[in-house]
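Asks: Protein chains in written order, with our numbering: chain A, 1 to 387; chain B, 1 to 387.
Mixed in with the good hints, there may be bad ones.
What the hints assert, rightly or not - Which chain B residues stay away from chain A? Per the calculated CB distances, all over 10 Å, these: (1) Leu-21; (2) Thr-43; (3) Glu-47; (4) Arg-67; (5) Leu-96; (6) Ser-135; (7) Leu-216; (8) Gly-225; (9) Ser-226; (10) Val-242; (11) Asp-352.
As the list claims (entries may be wrong) - Ranges of calculated distance between the beta carbons of each label pair, as one might list FRET restraints: (12) Arg-45/A x Gly-256/B: 52 to 58 Å; (13) Gln-237/A x Gln-221/B: 38 to 44 Å; (14) Val-242/B x Lys-283/A: 50 to 56 Å; (15) Lys-244/B x Asn-232/A: 50 to 56 Å; (16) Glu-278/A x Arg-51/B: 42 to 48 Å; (17) Ser-176/A x Leu-318/B: 53 to 59 Å; (18) Arg-185/B x Gln-184/A: 38 to 44 Å.
FYI, nobody ran anything at the bench for these hints, they're computed from the structure.
Positions of the beta carbon are idealized from the N, C-alpha and C atoms, including for glycine.
Number of protein chains: 2
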Amino acid sequence: MNRLFALLWIALLTGCAAPPLRGTGDLGLVIERASGQVTLVDTSRREPYARIGGFGDLSHASVVYSRDGRYAYVFGRDGGLTKVDMLTARIVRRVLQSGNAIGGSISQDGRIVVAQNYTPGGIKAFDAETLELLSEVPAEYAPGSFSKVVGLADLSGNRFAYALFDGGEIWVSDFSDPRRPRTQRYPAGLQPYDGLVTPDGRYYLAGLFGEDGVALLDTWQPEQGSRRILANYGRGQEKLPVFKMPHLRGWSLAQGNAYLPAIGRHEVLVVSGSNWREVGRIKVKGQPVFVIARPDGRQVWVNYAFPDNGWVEVIDTLTGQVVRTLEPGKAILHMEFTPRGEQVWISARDDDKVLIYDTATFARIGEFTAQAPSGIFFTSRAGRTGF
Amino acid sequence: MNRLFALLWIALLTGCAAPPLRGTGDLGLVIERASGQVTLVDTSRREPYARIGGFGDLSHASVVYSRDGRYAYVFGRDGGLTKVDMLTARIVRRVLQSGNAIGGSISQDGRIVVAQNYTPGGIKAFDAETLELLSEVPAEYAPGSFSKVVGLADLSGNRFAYALFDGGEIWVSDFSDPRRPRTQRYPAGLQPYDGLVTPDGRYYLAGLFGEDGVALLDTWQPEQGSRRILANYGRGQEKLPVFKMPHLRGWSLAQGNAYLPAIGRHEVLVVSGSNWREVGRIKVKGQPVFVIARPDGRQVWVNYAFPDNGWVEVIDTLTGQVVRTLEPGKAILHMEFTPRGEQVWISARDDDKVLIYDTATFARIGEFTAQAPSGIFFTSRAGRTGF
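Could you build all of it, start to finish, from the sequences and the hints given here?
Replies: Have a look at this one:
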């Protein structure tokens, strides 16, 4: 009897020690890259609720979410792909899928997680449930020549677009049959270094490091091939000193225009989202890194490369003016909006802090300590394309 | 000892009988209006997982979600406001907030749920946690004259826009201080019968029953006042027979254009989203009711009023052509896309079925029985404006 009693007691403690039920729509994950940790956060309470270690090298780490919002897939710089349960705050699977990787994506149906790799160059597709390897596409752009892969983005129909830095091409791989991907190739230009897909999933853009201009592919009409836009976008004839090549993921579309960081200049460029011609330039305090629109498109928030990385500026898209200049902390690395845009969360790496602002009043409405925080990723990304 | 044992056993059975942990990002709710029930569904498994009764009159019922995706707020026709826990599949709160109501909305910060009422005309604000009444705005447009309220929509800054059918006005109430709302009034026209806010939360549009045209308010610049657009939109000089006034919520924005149901005609109108001028008309099989864009804007799905309510047509926005005609079942009432658009769920009231289609192949990939299903609402609405 005592034994049964003890067993029951254990069952009670373990079975019922399960975390309380909760929705996952207001959760998120902050990368703490120096320590290989992540902090899980709740945007309703505006506070962290768990911290988990064991992720390896998290520099440039990024995150995508399962379609139910329960699991985060963390892509590490060392090729680690880690599946985190946001409810139990535990790592449920982890694979070292390559030696040198940067980022990944999840298919439209949520069943396939794809990682992009530098070495060996290519992409690999994993079962989102088990992290079993399903297939890979080596980035062999010429016999025996493999390219670093950059700018991976999900498209409709379980397709993925990405760019080959060494190959100078855009590839689109269709994983409708996840074990037998089919790939189409399009010319891009010299050394594409990053890519993005527009929020509607239609246009894939690859920024070029080796020359000026941006390669564009209309993925609704790929048979028309890629074309070049923004002929002057890049480092230009003068070869300006560039402190950090801005991510293309730092571009935004708002109110029909694209807002993008000028390279090497203290400017945000405004480009028509329909014909991709420049329609304006906004002077800002530094070389922009992320130029991120609030979900409604009314505001665009901008952070900067060193030595101006303590500033954040807010552009009002209605007037095209900077309406607020903030100094949230030291080394501002990333900004993430809540899905309806009432809050923005900002990582200040060298202050070991995450700061929370009300986007209507610009008041600081919260903050907490995190070790050298970089990327911030909310579960609302699960429902969006191109994240 | 036996007593402690029994208590432990009960604790084990009850405490541990809690529903399993799960994400809420892939859940939804189907209204079964004839029986006052709702069915809870899972879009990953593509099946229902619970059915709950006790909702009263669910004709024209609509649903919004808490920001964590855990709770659904169901607005019934009889003024019932019911809070449902999507995880435990239980009703957690229910108030009868008026005698005659139609729909509601939730604030940007997720803290205030607002219901719109016919009788007595006005809106009421409730605490999203407790459903405690916080404040109300009676729709008294002239001394002693109260109007039915229609077209309630959430705006940024915890504001709500709505239209007064009898008062012929658009009102915007600011609930920044939830117990002391402040209201601005704008002229609309004769008998506004419904309203919508554009997906970016910027423009509020009110359709007019008493005259042709649509009233538009730029909520980013409300000081400019309302103006009239689409002067020919309505029943027209000929006073065509109209089988059902289409909901304005059935309008869509896709690729810079608005797609909207012509009134009394077998046409979908295409209107520029920037200057609101008509740019095209697409001939369809019946009088459109809902004209709903797939989240990427590539497709627009259309259903029809009686006697054509067995058809659904799909318009390709790239070519402006109907590319597929489906006959999903009898009395198609509503359609809801999964957040990334790979599936659409369709209610066929008179077949007592919900049908699930793959939007790329148009294949039927699932179906289940529901009693006279009408509205379908997925939790992804929690992260969006104007739902």
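Asks: Confirm or reject each hint.
Replies: For each hint, the structure was consulted:
With a minimum CB-CB distance of about 5 Å to chain A, Leu-21/B fails to clear the 10 Å threshold, and the non-interface call is violated. Its beta-carbon lying about 8 Å from the closest one in chain A, Thr-43/B breaks the requirement of being farther than 10 Å from that chain. Annotated as non-interface, Glu-47/B keeps its C-beta farther than 10 Å from every C-beta of chain A; the closest such distance is 14 Å. Taking the minimum C-beta to C-beta distance to chain A, about 5 Å, the non-interface status of Arg-67/B is violated against the 10 Å cut.
Consistency note on Leu-96/B: stated as away from chain A, and its beta-carbon is indeed over 10 Å from all of that chain's, at 26 Å minimum. Chain A leaves Ser-135/B outside its interface by the beta-carbon criterion, the shortest separation being 20 Å against a cut-off of 10 Å. Every Cβ of chain A is farther than 10 Å from the Cβ of Leu-216/B; the closest lies at roughly 16 Å, confirming the non-interface assignment. Interface exclusion of Gly-225/B from chain A stands, the closest Cβ pair being 16 Å apart, more than 10 Å.
The Cβ of Ser-226/B sits about 18 Å from the closest Cβ of chain A, beyond the 10 Å cut-off, so the non-interface label holds. Non-interface call for Val-242/B relative to chain A: holds, since the shortest CB-CB distance, roughly 33 Å, exceeds 10 Å. The claim that Asp-352/B lies off the interface holds: its Cβ sits roughly 28 Å from the closest Cβ of chain A, which is beyond the 10 Å cut-off. For the pair Arg-45/A and Gly-256/B, the beta carbons lie near 38 Å from each other, so the given range of 52 to 58 Å is not met.
Here the CB-CB span from Gln-237/A to Gln-221/B is close to 41 Å, well matched to the stated 38 to 44 Å. Judged by the Cβ atoms, the range 50 to 56 Å given for Val-242/B and Lys-283/A holds: they are separated by roughly 54 Å. A beta carbon spacing of about 53 Å between Lys-244/B and Asn-232/A agrees with the range 50 to 56 Å that was offered as a hint. The supplied range of 42 to 48 Å is broken by Glu-278/A and Arg-51/B, whose beta-carbon atoms lie about 56 Å from each other.
Range check, Ser-176/A to Leu-318/B: about 20 Å between beta-carbon atoms, so the 53 to 59 Å window is missed. At about 56 Å, the beta-carbon gap between Arg-185/B and Gln-184/A misses the expected band of 38 to 44 Å.
Consistency note: the structure conflicts with the earlier hints numbered 1, 2, 4, 12, 16, 17, 18.
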